[in-house]
Amino acid sequence: MKRLGALLFSTASFALLIFNIANAAETIVSNFTFAITPGSANGEVLVLSRGDADNANGYTDIQLTASNGKAELISISQAIFPKDIFGVNDHVFDASTAENRRSLSVRVGSSFVAQGFGNDSNKATIVPTGLVRVLQGDASIFDVTAAGFNSATIKWPSPLDVSAHSIVVDQGKRIWLARGPWGLVKSKTAPDQWVSGVAAINDSVPLYLLNPTKSQFDTVNVAGTNTAATIDTTSHLPIWALTLDSTSGQFWIGSEKGLWKGSRDSSQVHRISLGGIDTLRITGIWTDSIGKRIFVESSARQKDSKNPVSNTTSSLWRSTDGGVSFTSLNLPYDSLDLSISAVAFVGNEAWLSVQGIENDNVSGLLRITSSGAIAWPDSLRMSNRSAASNWIWGLEAGVVDRDVLVTSVGSFPLGTGVGLAVSTWGAGISVSADSGKTWKPILNQSSVKANLAEVRMTPSVMRITGATTQIAYRLGQASKVSIDVFSYDMRVVRNIVRNADRAADPLRSSDARYDVWDGKDDAGNPVTLGVYFVRVRDNHGHDAWGKVMWLGGAR
Amino acid sequence: MKMVRALLGIGLTASLCWSWSSKQASLGGLDGFVERMGAGVREQAMGNAAISDSSAQPGAFWNPALVTSSRNGIDITLNGEDRSLGRTGTSLSAQGGVGSRMGVGFAFLEHGTSLAVINEEDQNLGSASPYFYMAYISIGWRVDRANEIGLGFSKSGYDLDLGGKYSDMTFNNSEQSPLSYTLGWHHTWNSTFESGLVLRNLGFSKTLTTTWVRSPATDGDIASSDVFRPKSLEVGTTYHTKIAKRPFNMSIEVLDYLLADTLMTFDPDWHYWTARMGLEWEAISDGYVRAGYDSGNLSAGLGYRFNLRWEKKPWPLEVDWALSYESVAGLWNPLSVGVKTRIP
Numbered sequence: 001m002k003r004l005g006a007l008l009f010s011t012a013s014f015a016l017l018i019f020n021i022a023n024a025a026e027t028i029v030s031n032f033t034f035a036i037t038p039g040s041a042n043g044e045v046l047v048l049s050r051g052d053a054d055n056a057n058g059y060t061d062i063q064l065t066a067s068n069g070k071a072e073l074i075s076i077s078q079a080i081f082p083k084d085i086f087g088v089n090d091h092v093f094d095a096s097t098a099e100n101r102r103s104l105s106v107r108v109g110s111s112f113v114a115q116g117f118g119n120d121s122n123k124a125t126i127v128p129t130g131l132v133r134v135l136q137g138d139a140s141i142f143d144v145t146a147a148g149f150n151s152a153t154i155k156w157p158s159p160l161d162v163s164a165h166s167i168v169v170d171q172g173k174r175i176w177l178a179r180g181p182w183g184l185v186k187s188k189t190a191p192d193q194w195v196s197g198v199a200a201i202n203d204s205v206p207l208y209l210l211n212p213t214k215s216q217f218d219t220v221n222v223a224g225t226n227t228a229a230t231i232d233t234t235s236h237l238p239i240w241a242l243t244l245d246s247t248s249g250q251f252w253i254g255s256e257k258g259l260w261k262g263s264r265d266s267s268q269v270h271r272i273s274l275g276g277i278d279t280l281r282i283t284g285i286w287t288d289s290i291g292k293r294i295f296v297e298s299s300a301r302q303k304d305s306k307n308p309v310s311n312t313t314s315s316l317w318r319s320t321d322g323g324v325s326f327t328s329l330n331l332p333y334d335s336l337d338l339s340i341s342a343v344a345f346v347g348n349e350a351w352l353s354v355q356g357i358e359n360d361n362v363s364g365l366l367r368i369t370s371s372g373a374i375a376w377p378d379s380l381r382m383s384n385r386s387a388a389s390n391w392i393w394g395l396e397a398g399v400v401d402r403d404v405l406v407t408s409v410g411s412f413p414l415g416t417g418v419g420l421a422v423s424t425w426g427a428g429i430s431v432s433a434d435s436g437k438t439w440k441p442i443l444n445q446s447s448v449k450a451n452l453a454e455v456r457m458t459p460s461v462m463r464i465t466g467a468t469t470q471i472a473y474r475l476g477q478a479s480k481v482s483i484d485v486f487s488y489d490m491r492v493v494r495n496i497v498r499n500a501d502r503a504a505d506p507l508r509s510s511d512a513r514y515d516v517w518d519g520k521d522d523a524g525n526p527v528t529l530g531v532y533f534v535r536v537r538d539n540h541g542h543d544a545w546g547k548v549m550w551l552g553g554a555r
Numbered sequence: 001m002k003m004v005r006a007l008l009g010i011g012l013t014a015s016l017c018w019s020w021s022s023k024q025a026s027l028g029g030l031d032g033f034v035e036r037m038g039a040g041v042r043e044q045a046m047g048n049a050a051i052s053d054s055s056a057q058p059g060a061f062w063n064p065a066l067v068t069s070s071r072n073g074i075d076i077t078l079n080g081e082d083r084s085l086g087r088t089g090t091s092l093s094a095q096g097g098v099g100s101r102m103g104v105g106f107a108f109l110e111h112g113t114s115l116a117v118i119n120e121e122d123q124n125l126g127s128a129s130p131y132f133y134m135a136y137i138s139i140g141w142r143v144d145r146a147n148e149i150g151l152g153f154s155k156s157g158y159d160l161d162l163g164g165k166y167s168d169m170t171f172n173n174s175e176q177s178p179l180s181y182t183l184g185w186h187h188t189w190n191s192t193f194e195s196g197l198v199l200r201n202l203g204f205s206k207t208l209t210t211t212w213v214r215s216p217a218t219d220g221d222i223a224s225s226d227v228f229r230p231k232s233l234e235v236g237t238t239y240h241t242k243i244a245k246r247p248f249n250m251s252i253e254v255l256d257y258l259l260a261d262t263l264m265t266f267d268p269d270w271h272y273w274t275a276r277m278g279l280e281w282e283a284i285s286d287g288y289v290r291a292g293y294d295s296g297n298l299s300a301g302l303g304y305r306f307n308l309r310w311e312k313k314p315w316p317l318e319v320d321w322a323l324s325y326e327s328v329a330g331l332w333n334p335l336s337v338g339v340k341t342r343i344p
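Chains A and B are the protein sequences, given in the same order. The numbering used here puts the first residue of the first sequence at 1, with every later residue one more than the last. The numbering used here puts the first residue of the second sequence at 1, with every later residue one more than the last.
Possibly wrong hints are sitting among the right ones.
[To be verified] Away from chain B, derived, C-beta distances all over 10 Å, residues of chain A:
1) 42
2) 108
3) 302
4) 426
5) 437
[Claimed, not checked] Derived lysine to any residue pairs resembling SDA-like cross-links, with alpha carbons at most 20 Å apart:
6) A:83 <-> B:164
7) A:520 <-> B:215
8) A:520 <-> B:33
9) A:123 <-> B:217
10) A:83 <-> B:167
11) A:83 <-> B:166
12) A:520 <-> B:259
13) A:123 <-> B:170
14) A:520 <-> B:224
It should be emphasised that the hints constitute simulated quantities derived from the structure, not laboratory data. Note that the Cβ used here is the ideal one computed from N, Cα and C, for glycine as well.
Only chain B is shown next, with the shape it has when bound in the complex (with noise of 0.2 Å):
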């Protein structure tokens, strides 16, 4: 019960945490947002409330400590979505364990859209398919039976598909940030419970603030940009028990985006605070129900896992699917479908 009442604490701090979001809004769009949308079908179900969860994949992404949970076989995800609007994305990982502590893993994201190019004089002159990414490689260490840690690399970029679109301007096509890294904690309470901790992000700088300066056209038509990556600090926890003999996990996390490139500012106006929220039941063996709240968005989701062999070897094959709603644009997503596997 104590338990339950720390949970129920976790999410009014949640809430009262999104109703301020709200107002930071207002700041503007943050970059990153193929990252915020998030990576695997079934954590989009549940609300891409990950971090703090074992089962959650791809760690790389999510949690760098989490790559160690995979240490009978290379697990693989590969997931795709079309959500309203023409916007498609995918996302391909792998983990594995090396050794009997240490686990390695990558993923790769990438999302994108199509728009008809039309020229300050009302002219069509073609379509562009521009695409923006990011790319995590992690490792993580098993440190006792109930830590784990983990530090993780990634990049992002984009391509604009613009070239030859227009006369007048030479575009950078394919842009790339600098390297930012991600340190990850996973720690395990009891059979009940877990927690995560990410801090996501960082970069090189005194500040610990990924920082480059993007230019998108080569000539110079567009003025070159002074750009960051804001860092975000997330805190999870997952909570397992049974509803109707059948097994349950709730996850909640809060994550705190620093929008300034300091080391660290306390004050509000710099600062995105957010909340996620998921749920999973194990409504039939094997077959799973989801739902989950991300930032004001909702989802729910089906899971179904075959327990294949494959040279008398387990080879478990699980299907997921997912539908969202964006509820402030009221758009609903329904084509999300992931599968996992494990390759012993």
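Same shape as in the complex, but just chain A (with noise of 0.2 Å):
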């Protein structure tokens, strides 16, 4: 007897709300998305997905076209990825330095290849296990292997310090990684000919350390060996960062200390200054397609007689000579202490997506042309924000349609121009075929029945603190939309909206940058633990309720 209210009602109490799970279209592996890889056709983009639920993890291929300056959606199609492998590790938000705060996805041919994490005995995603391979047979069809990494045991301090920090594709279509202590490693043959079940990258493949007093590469041969215990790390730099310059096949390498170029082939290096200094630790390295714009980023963690506290220390360089010179960028970068996850050229700009480091919930687009970065209009400045705030373009500027962070960006041929896509945590992405001035988000979500017949909260159990859930409804006509929240005992607990503007909309009417409730009443505190209603009312007769369980609250 579960219930003694079961004995009365049984019959009549507990009709469940049947929704309808079918989604349309638009179906993405999971909102949490965190990297945009070009697709081999026009207007095509693969998006890397985690997301906590079974099948939440893979890639999703959108195909999208430009109309009139717009972006639209003609397909969707998924590849999950294998059980207990993700394209994300725990840290990507909290690292405290750059190297592990981005994920890394590229095409190769037919193939996408990400990076693939375990999860070590605590259950934390931090252990590289292979590279994931997604094969691109036709529209729909993909075959999902894992190649195994080096099989010794990974003994540094954290696994992620061996994990790739960067993806390169050279020039005969093989895989390099650059794996911070353990160097360089490149895969045997090109993802296209990885046979599934069969490691691309093991044992048998040597190591290439960077030896800065021989300015070239060392050759180590690990196999049958305990790989920490191979490697001289007094004499060899780890590598935090790689990209091939494609006008002359070398690699731009970045390491602990100092920026080099060079080819390991040749096996010779030669370091490069940024602004007279040459010891930076050098954390992500971007060009365009044709070698001549070079973003240079460098970030570390130390401590100084200012801050005893160990901060980290982040600079961003810029090139626009093929690296014959390099500039610290003009804006307020030290003071934002962001990272950098993706870099996307687009004409004559590039699209940065950035991330705070001490500060996780600053994330954005930094947007640089050759006259320097470019801050918001003046229409959309803040009082009440700093004016280190205003270099990012995010939620104000409508790169996303609600307060997410950015995760990151990637641009792709679409139509006759480039289109751009950002990665969010939490609402898929945001696509916009007009160089950034208009964006179109494109998420995992389920159609609502119209004329406020359903309100869907998604996610209708808050379990998280700082959890918000959006208040989805669908209106068959332009209407003007109240929503209030109610709690058991149907007081009026909080206020969404009053009488705002709400478009029909063929799935959704709802509007996720202010249609989102945060757990907490009027004055700002939150509510008690319940089971809360929220009742969206139009301006033509018509009320509809949805639910939502908060688990957070003090009272």
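Join the two chains into one complex using the hints; note that each chain is given alone, in its own frame.
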């Protein structure tokens, strides 16, 4: 007898709401997206997701087209990763330096390759377990394989140290990885040739370690050895970043001490000075398709006389002449305390996706032209925001339509121009077909019955402190909408919007920028644990109700 | 006439309190919504204004002093309701006399609903039927012909029914509050006036507040929170007269919730005031018409008592129905039914 009430009202009281769980065409593997990779076709992007639910980890293949300067969705298909393999590590938001704060994904021929992470004994997803390949046979058929890493026991302080911090495709379509103290490693074959179940990178693949004294790569064979013990860490520099100069075929190499350029095959490398400094800890390098524009990120954890507690010191450098000279970027970058997860080049502009290191609520895009970074236009500036925030394009600038973290950015051919896409933590992706002037969100979301026949709360159980729930509904006609949250005994605890204009929509009419509830009352205090009811009322006489369970609160 | 003026005065005070309480509602929801929704269909029809009405049941819930009113048998009530939006609840109570001066009683209230569990990915994980409950046990003592006092104990709890829904989180599906206690006093002034005073949800702490740590998840994925149950001071009076030569009762009460974990504060920001009023008229012999007001909500109801006999002893069976209107939400609740009997 679970409930006494069932004795009296068993037939009348527990009629369940039947939700339409069949998704429309817009179905992303997970709305928690972390990397954007251009596909092989015009308008195609591959989106890397990591979600909590089963089957919420993998790639989504999204086909877009441009119509009148707007991005329009054509089709979506999915490739789910093997169980317990994730494309995103657990510290992507809270790692103290930049090299572990990005998720890697590249396209090589018909394959898409991401780094796979597994769980350690504490169920922390930090153990690099291989490369995940998604082979695109046709529009919707994929073959997912995990190519093993070096099988030696990882005994570094953190397995993340020897994970891949950069993935580069050389001119022979082989994969190169920058693995920190383990230097560089190269796949035996191109990903299109990988055989399912056979490791493309294993013990038999040598490591290439950067020897700064000799300005060369030393080759180390680790087959049958304990890799960590085999590597001479005193004579070699960890490599945190790698990219290919497509013009010369040489690598740009970001090391623990300095930026280097050279070739593994010739074994010769030379150090590049950044503003007269040649010992910066380089954690990211990005170049455009012709190798002319280059961004270099430095990120280090250090103490100084002013800050006895370790702080992350970051700097951003740029070259517009193919690396002949570098200058520090012209914006208050240090004060922003940012790391860069990706760079997209669109025309003369570069869009850098950035995340705050100490302040992990900061994220968005830096928009950089030949004359420097572009701050928000005056119309968007807010008196209550710090001046530094005005450089980061995000919610206020319309890049995303709700308050979520921006995790990455990518560009891809779209129509006759170039499309932009940003990944987000919880809101799918936003795409732009007009160089960032307007953005369109694409999410995994269920359709909602029309004419306020249903209110769908996503999620309907608010489990995490600081979580919000989206109030989704659908209108048959443009309306003025009021939304209130009621306690179980039908007292109003929160007004979300009052007479707000909302448009009719074939899927959902809710405006995620406003129609969310954060579990607080009108005074800003968390409400107590319980079930709450959300009423959406339009100006045409329709009411609809949703239910949400809130597990936080202090009263 | 003096009494009528007094009642009008209380009513005016209650109205002012309600307008004031509208401002205080911005402080957020109060814990114990199950308790605020009341127990007993008759009492629901009368706006839950019951602490001074010696006929109100369950006494263990409304005013522990009232359990002494069941001296000639064991009074049992069973109530159920199905409110709008799938909110269903029941209450069960029993109370009876012990010796010539003492009474004991218990009551159990529960309310719950069902909802689709949708995760952050907008995926349905099934459904959950969470419910919340409160249990009461009370002892009353008849001090003299005009005064009764009572002491009651209560616990609350919930079951989230989320077990197995999330692979990444283990829930404490069932959590209970520590014991609270309630003090009650009932006074009969004369044949027309009664009054009641209740200090509800006191705790065994220096501030007399019931506090505890709530941990919805077992593995710390949801931060534990320090919670307390607001104490309340409730004062009410009931007036008995006749209309068209038939009995008519009118009850009014005011409630003051203290929203802070302090022994006492006079800062109005930490108080939540509200008022209740109920009317009952025996329109026909053993047939009752009722109406009420509770914190902005309106209610009405009917009742009829069947005077049955069992083994030559009287065995009354009263059937009550209530209709309530939750005015702010605009919801009608027509399905509240209760039965009440006395086992001789």
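So, going through the hints one by one against the coordinates:
1. 42: Per Cβ check, residue 42 (chain A) is outside 10 Å of chain B; nearest 29 Å; holds.
2. 108: holds (29 Å)
3. 302: Answer for residue 302 (chain A): holds, closest chain B Cβ roughly 32 Å.
4. 426: The claim breaks: residue 426 (chain A) does not keep its Cβ more than 10 Å from every Cβ of chain B (closest is about 7 Å).
5. 437: Residue 437 (chain A) is indeed farther than 10 Å from all Cβ atoms of chain B, at 28 Å.
6. A:83 <-> B:164: Holds, at roughly 19 Å.
7. A:520 <-> B:215: holds (19 Å)
8. A:520 <-> B:33: Judged against 20 Å, a Cα distance of about 17 Å means the pair holds.
9. A:123 <-> B:217: holds (17 Å)
10. A:83 <-> B:167: Holds. Residue 83 (chain A) to residue 167 (chain B) sits at ~13 Å (cutoff 20 Å).
11. A:83 <-> B:166: Holds - the C-alpha atoms of residue 166 (chain B) and residue 83 (chain A) are around 16 Å apart, at most 20 Å.
12. A:520 <-> B:259: holds (16 Å)
13. A:123 <-> B:170: holds (15 Å)
14. A:520 <-> B:224: Cα-Cα ~17 Å, so holds.
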